[in-house]
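There are 2 protein chains.
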Amino acid sequence: MISGRLPAGFALAAAGGILLSGCAAAMVAAPLAAGAGVFKASKQSRASKRERARQQAQPTPKPGQVFTAADGSKVEITTLTALPPPSGAPAAAAPTGGNAPPAMQYLYGSGEAAALSLQAYQALWNYLKVEIGYRRDKSQIRSVVLTPGSTLDNPRFETCGKRPLAVVLDIDETALLNLGYERDEAASGGGYDAARWSRWEQTGADKVAAVPGAAEALAAARREGFTVIFNSNRSAASAAQTAAALDHAGLGPAALFDTLWLRGEGEPSGKDSRRQKIAGRYCIVAMAGDQLGDFSDLFNAPDASIAARRNTVGGTLLAPLWGAGWFMLPNPVYGTALKGGLDDIFPPDARWTDPGAAPR
Amino acid sequence: MISGRLPAGFALAAAGGILLSGCAAAMVAAPLAAGAGVFKASKQSRASKRERARQQAQPTPKPGQVFTAADGSKVEITTLTALPPPSGAPAAAAPTGGNAPPAMQYLYGSGEAAALSLQAYQALWNYLKVEIGYRRDKSQIRSVVLTPGSTLDNPRFETCGKRPLAVVLDIDETALLNLGYERDEAASGGGYDAARWSRWEQTGADKVAAVPGAAEALAAARREGFTVIFNSNRSAASAAQTAAALDHAGLGPAALFDTLWLRGEGEPSGKDSRRQKIAGRYCIVAMAGDQLGDFSDLFNAPDASIAARRNTVGGTLLAPLWGAGWFMLPNPVYGTALKGGLDDIFPPDARWTDPGAAPR
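First to last, the sequence lines map onto chains A and B. Just so you know, we're using my numbering here: the first sequence kicks off at 32 and counts up by one. Just so you know, we're using my numbering here: the second sequence kicks off at 32 and counts up by one.
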């Protein structure tokens, strides 16, 4: 077992929840029963994830189809999605809205993805509090931005001197969920459309939500004196609307060229040049993003294979930064993570031939 | 700014990397340039994630198609995927293997998902070291398993007394990447097949890999005296093969009914009953999983809406556990996260109507 000499009560403080601030009892790692949540749970589920997947995979019976049960009775499939009310009035219509792609079900609908996001922001806040906040000599703190001339296999970081401490993060699917845009994209079925995205930046400021945990973590960071700065490839031309969207989600304030850095007309999309400008004014002690390019443009080398790119994350000296200075948010919906064929993403030595498969 | 009274050097220790143990210089949050990574990066990418998405969305020109360029010259699309070598020998064939679903590209191929996993295991290890390891009075440590009778809005946890400390985690897509099975499922195009999965459990033990960060974190936990216990819905009938798969990936050892708990013939798929058996012997101080059912069966209440289920994660007293006792791993490929239509996953108040869309 590990033993240590921390002051009594430290464990409680370091576990401190950002999510229920002001309620110390709820901040310990294993909260006691207290208060009431917003959702009333009932009984346990009995179907495993694999069983559920199998249920989904079976062909859906069609309305009007008639089956004969084992006891000889006939069963007809109807279009009803609920029992008719006792009054005899017609049943409620089936849910509308159309099918959602699995990645959207995951990111925008699931508790699993919400937990990943809460966990990332919890880690960010713990890091600011423990690793940065408890440092005696602040002048020895290093920036987590790679210095110019770094490579992924030879990363360099500089001490900050007296610059004020800052957290730099991406906006889309890092701090802000683009609910309105993504629903519209899925409903229209057309894939990404730059003109539509531009209209979204201009008119969608009130159709967004904060990524779970983001608003609480950013507020806590600001309260402790960290400057929160956004570095995004959204257009500088819609800076006012983007600042309004951040405000709407409880993530602001953000002011252009101070705490909000956006892409100018004709500017390249890499983020390193803006990162360096921010690093000239601030000591960037933590970064958050949903894409590797939110941490360094070096990850997007155009000649890197899928496997080599993935390996730069865990197989270099940068590996210990994940969860300790660099904080990743989930996004399987769009971006640089989504590329490659089966042979690119699965290694040849892990190829399995199903011994029971029909010849194909 | 936060100030504290921790002993000098603490910040370094708490940032300790699990990933490069034995190399103290690389463990600080912002490593100095030292040594050489396994991947040699070159120049910066200039295309934003949105631009890349757009490139993918444009229709692919077909071989044989002829275009006229702005200067009047003709351009014909060929089937070549690379320039022919100077020798004049035929060009290499196009990559084989077929298309991968986006969720598989993300989980098995991307650096982004690898970073999420490293971050989760980094958080787990930091938690064991700081929150549990530095506790003075170990008898006051609470289990992170909900006690029987708990509800999600009234969660209860018990102190452990003298039971030995343990970490409990799921296997599939939590500790182990099922590379062989998932590639085969994608290549055959058939969706989940229980018989095929059963053959996979029996014959795929050497076609797996550890989730990034898992092997290092579990080894570090064992080194510090924590017992590592797997709780999985894999079949108890393939216990030997599952133990072999864990060994192959560097995650073992695992022994049935001691450190390996699997689903018996005809047993329900919920994990609470096995969790309670483990909790009777051990003090479970951390749990890891890729599905909410890896933490409590209560999350899978069959009558909960998509929104209510998601809300139980961040809107209850359980929220502070994510990243502090409960550790989530990413999995957009299969499981309980993947359900719901657009109206289930997107809230009605975030519905956006594109002002520039053609009427539909």
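Take the hints with a grain of salt, since some may be wrong.
[Claimed, not checked] With a straight-line cut-off of 27 Å between C-alpha atoms, the simulated DSS-like cross-links for lysine-lysine are:
| id | chain 1 | residue 1 | chain 2 | residue 2 |
| --- | --- | --- | --- | --- |
| 1 | A | Lys169 | A | Lys193 |
| 2 | A | Lys308 | A | Lys160 |
| 3 | A | Lys308 | A | Lys169 |
| 4 | A | Lys193 | A | Lys308 |
| 5 | B | Lys370 | A | Lys370 |
| 6 | A | Lys160 | B | Lys169 |
| 7 | B | Lys193 | B | Lys370 |
| 8 | B | Lys160 | A | Lys169 |
| 9 | B | Lys193 | B | Lys169 |
| 10 | B | Lys308 | B | Lys169 |
| 11 | B | Lys193 | B | Lys160 |
| 12 | B | Lys193 | A | Lys160 |
By construction, these hints were calculated from the structure, which means they are not laboratory data.
- Report the numbers of all earlier hints that the structure fails to satisfy, in ascending order. The structure conflicts with hints 7, 12, although it agrees with all the remaining ones.
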